[in-house]
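Chemist: Residues per chain are reported as follows:
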Amino acid sequence: MGHGILLSAAEAEASAGSDIDFMIHGVFSYEIFGQTVWITTTHVCLLIVMLIIIGFCLAANRAVKKAGTVPTGFLNVVELIVEMLDGMIKSAMGSNATKFANYIGTLFLFIFISNISGLIGLRPPTADYGVTLALALITFCMIHFNKFKYQHVSGVIKGLCDPWVFWAPINIIGDIAVPVSLSLRLFANILSGTAIMALVYGLLGWIATAWPAALHIYFDLFSGAIQTYVFCMLTMTYVNDAIGSES
Amino acid sequence: MEFNENFILGCSAIGAGLAVIAGIGPGIGQGIAAGHAAAAVGRNPGAKGDVTSTMLLGQAVAETTGLYGLFIALMLLFVKPLV
Amino acid sequence: MEPRLFDLDFQLLHDAVLMMIAIFVLLLVASNKLFNPVRKMLKDRSDRIAKNIEDAEKDKEDAKALKLEYEDRLKSIDKEAEQILSEARAKALKNEESILAKAREDAQAIIERANKEAELEKQRVADEVKTEMVNLASVLAGKVVKANVDTSVQDSLIDETLKEIGESTWLS
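Chains U, A and H, in that order, are what the protein sequence lines are. Positions 1 to 247 (my numbering) are the ones given, in order, by the first sequence. Positions 1 to 83 (my numbering) are the ones given, in order, by the second sequence. Positions 1 to 172 (my numbering) are the ones given, in order, by the third sequence.
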């Protein structure tokens with residue numbers, strides 16, 4: 001315990017005694033554009049989450065194809081999920097819902113499964129800034145694509161110089177803050193959950209049996225579900241704002 | 001002036017501790033939100049579902065600033081950008 | 001690689017690009033395999049249910065109309081039957097009267113005829129008796145003649161006798 005329990009925890013690979021580990025590790029590296037990049041544990045977990053979702057989709061598709069007139073079992077669950085997502089999107093976006101329903105639905109499924117993947121022992125992919133940044137950038141692109149599409153260039157410029165011409169830089173900073181805050185919110189939430197869970201398991205050792213289930217319920221299920229909802233809600237609200245102020 | 005690594009690590013730990021003070025703000029904010037939500041449910045028990053979901057959404061957004069503080073603390077402790 | 005948590009470097013960009021590809025793949029799969037088929041199925045089902053309900057409603061309406069019609073017809077049939085019965089009754093009454101009248105007439109005619117016949121019979125019998133008497137008288141007269149009585153006395157006797165018979169016996 002040379003320099004503090006937390007700091008020794010951070011050097012998990014160096015000090016074999018501690019098993020606090022919520023870092024991202026490399027699996028293998030390759031060269032691209034003259035840079036060495038790594039396929040990390042995040043990507044492995046991402047692949048597993050993708051496989052879960054794709055498997056669910058395929059199973060749902062099969063259930064739909066051989067569905068009789070009366071829905072049963074698994075099909076009910078699928079219908080419940082799809083109807084719930086559609087209802088949420090419809091209530092948030094109104095008439096614009098149909099265009100974005102599939103993307104928002106996919107986003108919701110992906111973030112939710114990612115957030116709760118801590119329950120099956122994975123490191124949630126959303127606890128990697130690369131993942132949340134990508135999602136936030138997609139949202140950012142959607143916002144501005146729709147802004148240009150529905151409000152045209154004049155509307156965008158007018159929106160930038162909203163109260164006064166010299167407010168433009170502040171408005172631009174505000175626009176850029178949207179994806180940053182979106183991605184950091186999701187990332188920090190899931191990362192803090194992961195970090196706290198890792199600290200609990202790593203520091204308490206055998207004391208941490210069974211009772212961290214409550215923490216899992218809070219950090220993985222509750223927080224994960226809330227953050228999924230928040231991310232999707234904010235994406236829909238921003239996109240709807242970009243479209244809606246047209247008329 | 002040259003500082004050794006341990007000094008920087010110690011200062012980082014202090015900084016991390018200071019950073020999580022940011023948790024005060026969201027705590028107060030979320031408490032206010034929950035209080036008002038409770039009042040709203042008391043006035044109009046029929047809208048319990050809507051009030052709860054709106055409250056949770058607002059709280060989750062308000063929580064962000066506190067999480068930024070926590071995030072900075074985690075960075076200081078584990079990523080050690082200053083070393 | 002050093003264990004990493006957060007860095008603004010090329011690796012972050014690489015991760016973001018990989019994630020975008022991943023979410024694009026997920027979007028394609030989820031759209032084609034989950035959302036669109038399930039929405040289509042739900043829509044089909046709601047359409048079918050709506051159609052079923054509409055059909056049922058229509059059937060009900062039809063049944064109601066049919067029932068009304070039948071009830072109407074039943075009522076009219078009842079009325080018709082009533083009318084037919086009353087007509088038949090009236091006709092029967094008329095028939096009865098006519099038959100009774102005819103029967104009475106017939107009976108009258110029969111009685112009349114019988115009376116006439118009786119009268120005729122009476123007359124015939126009277127005539128017969130008369131002729132018989134005449135014959136008898138003749139026989140008697142013959143006998144009387146034989147017992148030498150003249151013709152004039154004989155004739156007056158016959159007349160007398162006849163008159164007596166005719167007035168006293170046959171008119172009584």
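Just so you know, these hints were derived from the structure itself, not from any lab. It is possible that part of the hints are untrue.
[As the list claims (entries may be wrong)] Straight-line Cα separation of at most 30 Å, DSBU-like style, residue types lysine-lysine; simulated pairs:
(1) H:Lys40 - U:Lys65
(2) H:Lys67 - U:Lys99
(3) H:Lys79 - H:Lys91
(4) A:Lys80 - U:Lys90
(5) U:Lys65 - H:Lys51
(6) H:Lys163 - H:Lys143
(7) H:Lys122 - U:Lys90
(8) H:Lys60 - H:Lys91
(9) H:Lys51 - H:Lys64
(10) U:Lys90 - U:Lys65
(11) H:Lys122 - H:Lys102
(12) H:Lys43 - U:Lys99
(13) U:Lys90 - H:Lys79
(14) U:Lys66 - H:Lys33
(15) U:Lys99 - H:Lys51
Chemist: Please go over all the hints and tell whether each is borne out by the structure.
Modeler: Verification of the hints:
| no. | hint | result |
| --- | --- | --- |
| 1 | H:Lys40 - U:Lys65 | holds, 11 Å |
| 2 | H:Lys67 - U:Lys99 | violated, 50 Å |
| 3 | H:Lys79 - H:Lys91 | holds, 18 Å |
| 4 | A:Lys80 - U:Lys90 | violated, 45 Å |
| 5 | U:Lys65 - H:Lys51 | holds, 22 Å |
| 6 | H:Lys163 - H:Lys143 | holds, 20 Å |
| 7 | H:Lys122 - U:Lys90 | violated, 124 Å |
| 8 | H:Lys60 - H:Lys91 | violated, 45 Å |
| 9 | H:Lys51 - H:Lys64 | holds, 20 Å |
| 10 | U:Lys90 - U:Lys65 | holds, 26 Å |
| 11 | H:Lys122 - H:Lys102 | holds, 29 Å |
| 12 | H:Lys43 - U:Lys99 | holds, 17 Å |
| 13 | U:Lys90 - H:Lys79 | violated, 63 Å |
| 14 | U:Lys66 - H:Lys33 | holds, 14 Å |
| 15 | U:Lys99 - H:Lys51 | holds, 28 Å |
Hint compliance for this structure: hints 2, 4, 7, 8 and 13 are broken, all remaining hints hold.
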